[in-house]
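S.K.: Keeping their order, the protein sequence lines are chains C and W.
Here the first sequence stands for residues 1 to 179, numbered as in the numbering used here.
Here the second sequence stands for residues 1 to 92, numbered as in the numbering used here.
Calculated from the structure, these hints are not laboratory results.
Just so it is clear, the structure is predicted and the values come from calculations on it, not from any experiment.
Heads up, a few of these hints could be off.
As the list claims (entries may be wrong) - One-sided excerpt, in silico: chain C residues whose CB lies under 10 Å from chain W:
id : residue
1  : Leu24
2  : Met28
3  : Ala109
Glycine included, C-beta positions come from ideal geometry on N, C-alpha and C.
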Amino acid sequence: MISLLLLLFLAITAIAIVRSRDTLTAVMLTGLSSLISACLFLLLDAADVAFTEAAVGAGISTLLMLAALHAVAPVRPQPRRVAWPALIVVLLCGGLLAYGTLDLPPFGAAENPVHQHVGNHYLEQTEREIGVPNVVTAVLASYRGFDTLGEVVVVFTAGLAVLLLIGRPRRKDEERDAR
Amino acid sequence: MLAAAGIAVLVSMALALARALLGPTLYDRILAVNMFGTKTVLFIALVAALVGRGDYLDIALLYALINFIGVIALLRYHEVSGVSESKPGPPP
């Protein structure tokens, strides 16, 4: 019931983001939609995902988008028209995703695959095999260590690329211009 | 008691959302987003009380901090962009 209401809020916000002509309004509404989806994550008992959504979605993303808005020239609102191919592709993709959720096992059931395979092994053996009290940390940093290493490499490369593209000299020039 | 509080929070969320969507001026929207963030904090605290998990309150605190930072960033951006549009003005 509450989830449905929050989902309705989310849908209304998403439509408003698409229809808004002003970029600043769109940025604010994006932060708002991030707050709503974090509430949904919390209702689904995914506190860590909600934590990340709050920090990244509502916090850092809003700041980064505001910084980007400040860096580029002010965007003139374009005349509104409907791009039919894009709308069809989006609707098709969303429909396929919604169709895919029909195959998902029931939420929270004990015989779901996620509770059957390696999860029990991790819960039972982490203390003996790794010796880390937090199971999530043990899974991320030890059992799936190579996966996490790959993620770190991706994030590092992206940060390096951003620094090379909009690195220090440009920023100093901008500061001088601003003064 | 908790149900009444939950309904109150959800209704005020809806009202804040309406103001954020309709708000004619920028300040209406900023205030509405800030208020929605506050309602989110209350919502999380309510969920924590309902589920009986005190550690959710940490997330509520984090939301309060992020909400504050977001609004400061929005107002700062508005101030800086407004100054650069109208006149050169003194350095910030």
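S.K.: It remains to establish, for every hint, whether it holds in the given structure.
M.R.: Now for the hints, and whether the structure bears them out:
no.: 1; hint: Leu24; result: holds (7 Å)
no.: 2; hint: Met28; result: holds (5 Å)
no.: 3; hint: Ala109; result: violated (19 Å)
In terms of the numbered hints stated before, the structure departs from hint 3 and from no other.
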